[in-house]
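S.K.: Please model the entire structure based on the sequences and the hints provided.
Those protein sequences? They're chains A and B, same order as listed.
First residue of the first sequence: 1, per the UniProt record's numbering; consecutive thereafter.
First residue of the second sequence: 1, per the UniProt record's numbering; consecutive thereafter.
Quick caveat, the hints were computed from the structure, so don't treat them as lab data.
Just so you have them, the derived chain A footprint on chain B, three or more residues with Cβ under 8 angstroms:
(1) 108 to 115
(2) 126 to 134
(3) 190 to 197
Ideal Cβ positions, reconstructed from N, Cα and C, are used throughout, including at glycine.
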Amino acid sequence: MSIVIKGARICGGEPADILIDGTDIAEVGRGLTGDETVDADGLVALPGLVDLHTHLREPGREDAETVETGTRAAALGGFTAVHAMANTSPVADTAGVVEQVWRLGLAAGHCDVQPVGAVTEGLGGERLAELGAMADSAARVRVFSDDGKCVSDAVLMRRALEYVKAFDGVVAQHAQEPRLTAGAQMNEGSVSGRLGLTGWPAVAEEAVIARDCLLAAHVGSRLHVCHVSTAGSVEIIRWAKSKGWNVTAEVTPHHLLLTDDLVEDSPLGAYNPIYKVNPPLRTRADVEALREALADGTIDVVATDHAPHPVEDKETEWAAAAMGMIGLETALSVVQEAMVETGLLDWAGVAERMSYAPARIGRLSGHGRPLEAGSPANITLYDPSVRAQVDPSSYASKSRNTPYEGRSLPGRVVATFLRGRPTVLDGKLA
Amino acid sequence: MKRHLISAADLSRDDALLILDTADELAKISERSIKKLPTLRGRTVVNLFFEDSTRTRISFEAAAKRLSADVINFSAKGSSVSKGESLKDTALTLQAMGADAVVIRHGASGAPHRLAGWVRGSVVNAGDGTHEHPTQALLDAFTMRRRLGSLDGRKVTVVGDVLHSRVARSNVLLLSTLGAEVTLVAPPTLLPVNVDSWPCEISYDLDAVLPKSDVVMMLRVQRERMNAAFFPTEREYSRRYGLDRDRVAKLHDDALVMHPGPMNRGMEIAAEVADSPRSTIVEQVANGVTTRMAVLYLLLGGANLGGEDQ
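M.R.: The following block contains the structure:
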């Protein structure tokens, strides 16, 4: 069976038709016909989005999210592949757990689920997990991360960086010096001082990134830096890249849009833990630096760090609340608002940073391919012309902890195709 | 005035002066043999204390009772809270009981803000984490005003662990609202980063600041801060930032010495200084009751003072 997508602007270019035959794109051109037609007049077609950083919470916290609900949210957000972070319970530190998550993703069928393996056993930061076994498993793990925890031991980090070279892996570091962030609650600055919340200094992130860049260079390994949040981190990564070192980095949508003063002054009330996240929201100057870095390629990727939490873990006093925000269903809209509408990025740039680059870093050969004949038909159709109020109750994610409640955001994912099969049509699960 | 008193920043200059003037009126009543006023009869004030603070709790309790309010003391220890009940559920319980005002002391900064979103009554912050303690600042201002007259242009020096002090935050805000000039003195480790954005001066040198001070307010310094390397030893802290007899000699004759309590005698303040005539420490406690009466009275919109009772 063939499907023709009529009149889509591929990566924002001139309108064209995309003919899908089976699992692949058969042809791109004008006046194409197929068994079924999807009208994409005015829509932007992007290669299916790839998220390098998703928390699906299964196994262990099925009250917050499951592979089924999380991948529904992903498909509705335009994603065709997500990397499921390892901080589950049990931790994804064995071949057994990563294969379980991978199979759950396969069964759900809304998008590909690529498990991330833990770097250390139980995220304990003491002994390497069986990285090779996870790499050789059916899940074919290539990205390893203790996300949520930092591999702070310099020797362990060095060994991990070296060890994964054997199977072309990458260590995705959550850069947070633990001693400098003991009890930390929010970005250390004017706002934390006024609010009496323990500060989370930028240097706690930057010092680890600097060390890791030097380590990666020393042992000739690939390093990926998770959720970069400060202007200083950007400078260090820019410097490392200028040396030709194999360092990549990601930024979250929320760090491109939101700032730490929301903790003090927001329509949702002061000290609202909906804004509590790790790494913390930073200052306007940091946001500007991150946008610029994403535009000039210093930061390679937008990754959601989709972190679902049940209501009771957020409806608390600030210090008791869980850290994290959901983001799969708003990612593209936030990127449009922060990067496209500001003129910093065109849609081709969005395709690079939300599909090609994350697929490259995660070594996902079936994703992040240009929309042309012969590529797998992983396609996201997006309408950038609409604008709507964020309604958390409308989301497919099991959790509601979105920081965008009460805002309006541009754009809407109209359809998502995973290897030729629509997972989303007309903005709803197909 | 706003419905809640959560931060000293909630108070305009007029609000603050109204509270202090009302407290002056109420202080006169406290001097009578029968101290009770009927103004809040039938109203319920809940003292919701998640941290042990007998001094502050009994101060609020006395204030509410002198205004004839019904007082419910809810101590988190040994209650459903210690069994894992959330702040929100506690708030909804109090709401169901018809609390007109909730006085909250909590170890987490911002807990009163959260509470205010869940109850209909007024929320009074009786100290939240390392954030604020606005009624302490009000009673301090009340004490200064009684001794010094107007606070306009008065030089107030606040010394000690500013980083972890809710008293310092509220005092800086309120005193600058009232026109006083505040200087914070502390070792650099015990000042928040970007403290230069606060409406006050900063100094590391207590001896240089003392001769110009009209008021010196000493903050409690917890000994355990040593363990986190905020300062090397108690002795060194005391030597550099403690108020002893020699330092007091640098103050002008009318300058006041204040402390919010509880004190570490011999650490931040020498015993003989704490007990000296320029010390207002005991007065501060007495003034706490009248100031808190004024706050409850104004927030709960009691009948006019001097009305039905007089």
